[in-house]
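J.: Here is how the chains run, residue by residue.
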Amino acid sequence: MNPTLKALLITLALVVAGALIFPSSYYFRVGSLIWINTISVTGIVVLLGYVGLVSLGHAGFFAIGAYAVAVLPGYGVPSGAALFVGAAAAGLLAMVIGRPILRLSGYYLAIATLGLGMLIWMVLTKESWLTGGPDGMVVAGFNPRHWFALVGIKMKSTEAWYWLTGLVATIGVVLAVNLGNSPWGRALRAVHDSDVAASSLGVDVARAKVVAFAISAVYAAVAGSLLALANGYITPDTAGFMHSVEMVTMAVLGGATTVYGAIVGSLILTALPQVLTFVAEYEHIVLGGVMVATMVAMRRGLVPALGDLAHRLAMRGRSK
Amino acid sequence: MSELLQFVLSGVTVGAIYAAVALGFTLIYNASGVVNFAQGEFVVIGGMTAAALIALGVPVIIAAPLAVIAGTLVGIALYRLAIKPAGKAPLVSLVIITIGASIFLRGVMQVVFDKQIHRYEGFSGDDALRFLGATLLPQSLWIIGGSFVVFAALAWFIGHTHAGRGIRATASNRFAAVLVGINTGRAMNLSFALSAGIGALAGVLATPVTFTSYDAGVLMALKGFSATMLGGVGSPAGALVGGFAIGLIEAMTAGYISSDYKDAAAFIVILLVLFVMPQGLFGRRTTERV
Amino acid sequence: MTLAKLGACATALALLTAAPALAQIKIGASLAVTGPASFLGDPEAKTLRMLVDQLNASGGINGEEVELVLYDDGADPNKARTFATRLIEEDEVVAVIGGSSTGATMAMAPLFTQAEIPFISLAGAVVIIDPVQKYVFKTPHTDKMACLKIFEDITKRGMSKVGLISGTGGFGKSMREQCLAVAGEAGVEIVADETYGPGDADVTPQLTNIANTAGIETIVNPGFGQGPAVVTRNYAQLGIKLPFYQSHGVASDSFIHLAGDAAEGVRLPATPMLIPDQLADSDPQKQPVVSYIKDYKAAYGEAPSTFGGYAYDAFQMVVAAIKAKGSSDSNDIRDGIEETKNYAGVTGVYTMSPTDHLGLNLTAFRMLEIQEGGWVPVE
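Chains as they are written, first to last, in our numbering: chain F, 426 to 745; chain X, 3 to 292; chain B, 5 to 383.
No lab work stands behind these hints: they were computed from the structure.
Here's a subset of chain B near chain F, in silico, CB distances under 8 Å, partners left out: (1) 80; (2) 81; (3) 89; (4) 90; (5) 107; (6) 114; (7) 173; (8) 177.
This one's a predicted model, so the numbers in the text were calculated from it and none came from an experiment.
Just so it is clear, CB atoms sit at the ideal spot from N, CA and C, and this is done for glycine as well.
Turn these sequences into a full structure, and let the hints guide you.
T.: This is the structure in structure tokens:
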């Protein structure tokens, strides 16, 4: 099957399946968080999985999206338009800062992006006249319920948010798969394997990196806007170092080489803390333990490892 | 004049702490190519263990070495239980394992110790030393001295001992190292033990000044990582210089420009330095696998 | 969409078939038990657990058992919002206590308003109750009140030129802004204004700049956590002799422990909880303060903090409202809380009204001074 169509069907099926089995608004709420994370982590997959670049500052782009929908409506920009402004701003910033930063490699790139994210976090924390400071700010009401009502579908707001985030995540996943299989995507993957080899094949390596960086920044910003609107409240913690680390962790845990890894990683690390509330005192122990054990057992992440396993079983079945 | 001196002393105190934490990153990186994000937890384990023992009435001269040993043992456990079994996992997976380990260790400390903030008296008391109108805590001298001793020991160990050369050889080419008869497993084990011990020592020395709590490791790792990268990852001299540089930048910015943006100044300097010197101040030119 | 409805039907079925257990009153809580604000959330959670156990041991409320559903939001507004949904939808609580931090509180408040569930926050900022929201209350004094109380004491001592050194966390930043805003009306002038990060190990540059400011008479340090202890130690290290004020954010014995001798002479506005033995027998707060401290020590082997006291008062007001109304319906509880009159808690004496969802005034604060490692009232 065409990989793009396959991605569309799989993601859409997951969105619908969730809606079918969720018994209450609370599940829909967690579900929409999973899809919001899927969006930002898909951006990480484009950057890390396709091109092999580690960023520890994507929470900064996430927060640009979040604060765009929080701040701009106060100046007369509608929330929907603010989302696009935030995404454009994040993409633009990534392009501008990407040129000098992306000459760095490995951990040096990690610390440079970390610094960028921290600078964004600091501005959001200090400039409280604009952002409300560390206590955060209210995000003007926006409810996708009304959109669904326009086409005659009535549902609770948590359900509406679930469907909206699920659909945006589907679009994001499909676009990322499409990108990965385009000539451009093959150029990006060539960069992943070797800068030198890629450039000898005629790939503009610097440009490829900047474009991937900007694309992943836009993914993060869109996710940030959606989270801010869904929560109705936002604090600078969204730009924090730990949030950047969390995004990369989700990608690697699920398997950074594939967008399905983004979905699985988001699912596990979003749902697990909710499951673990009954052992509240030991939550960190279990969470950390699961992360270590998963990475030890499945070194390239869950999805690639399970894919290998399925492949091996299929081979064995055939040889019999 | 006394103002400037006070800012310098503040920067040196804080810088020495960052340097001590940064030095801990060096060995593990040299042996494995992994920047260990659980390094901050080693610092906290050192501080919390010492604080708990001292609170029980154990004299600091016994509590301090015990705390360093505790950190070392945890470092060995981290290698044996999490890094070694992961074998030839991609580097980014190994880094995520260290992040998982840091969350795990935070959880353990929250249960084993508590969630309170802890501190104990400085080794030579808490009365400030005064000169030329500026002041310094005697504990700062302990931290500064400690970071220089660790630096000297580390530089000697990596450059001049058989085990140290083994660690370097393991990092640059594990396969070749095996071929020439180096026990790479032992080299890795040793580097985790020593790195953790250095981290715990940093915690033991710094806690009278910084205080400590079960979740203080994130900030420690963040500052230590920044210092490491500014100096050039893997270089003991880089860690030392990077740590002091960041401490001084923060203090000078707080003193002369704006305390609100002192942390921002440190990151801006890091970015500017990396634009000019992509391997940090003392980094080697190597190609890295990701 | 019919499919989603199917799911809803399944839940309804499950609810119908589940046999109603003992009559229970479910009270929810979302607190920062871990994370950067855990020194708030930890004693708050312990206090709630202890009070629920006590209440049930003595027969519950009107014969009904109370069940506490407590989640750890780590002061993360995003987590708090999810737990708020969970408390409303899954746990079906009748009232909620919590939000240790302002961010978590503000993220949860709209959900409880929509679900018509009374919500008593334990966070400091004034925005929580101003403007008043029908279902949102809070028990801690506002940071604005702390500023006024400190400035009142400063002017009483004949001083007016103040240097501020505030933490950059939510508490310090919010209180700094309130202090700047009310300085004029309180008759003081802010002549120096410095900040420090929550994890900073040394603030001597900032303090040096403040001490060198021309005409400065006193220093005020809004902040909580370990920051104020570091500031106090650095203040002593530099040998600064100006009168020094801390905020209610450090009103616990652990501050004296962490700051050591450097804390001598420091003044701060605090609740009577720090001075149980020095309260007059006629003081309406004496009895609750003494019994809370005794019970907490018995249960956990450590003294409670002011922050646990916020949870104590919130819980007692919820219980009082249920008893007074003879109903555990959320709207009745809300009305009951709003009708609270002269409730003498451990934090202060509360009188709520439709226009005041905090119910405390400046008299709830006592100005204390640290002398010989203990708390002494200065009034």
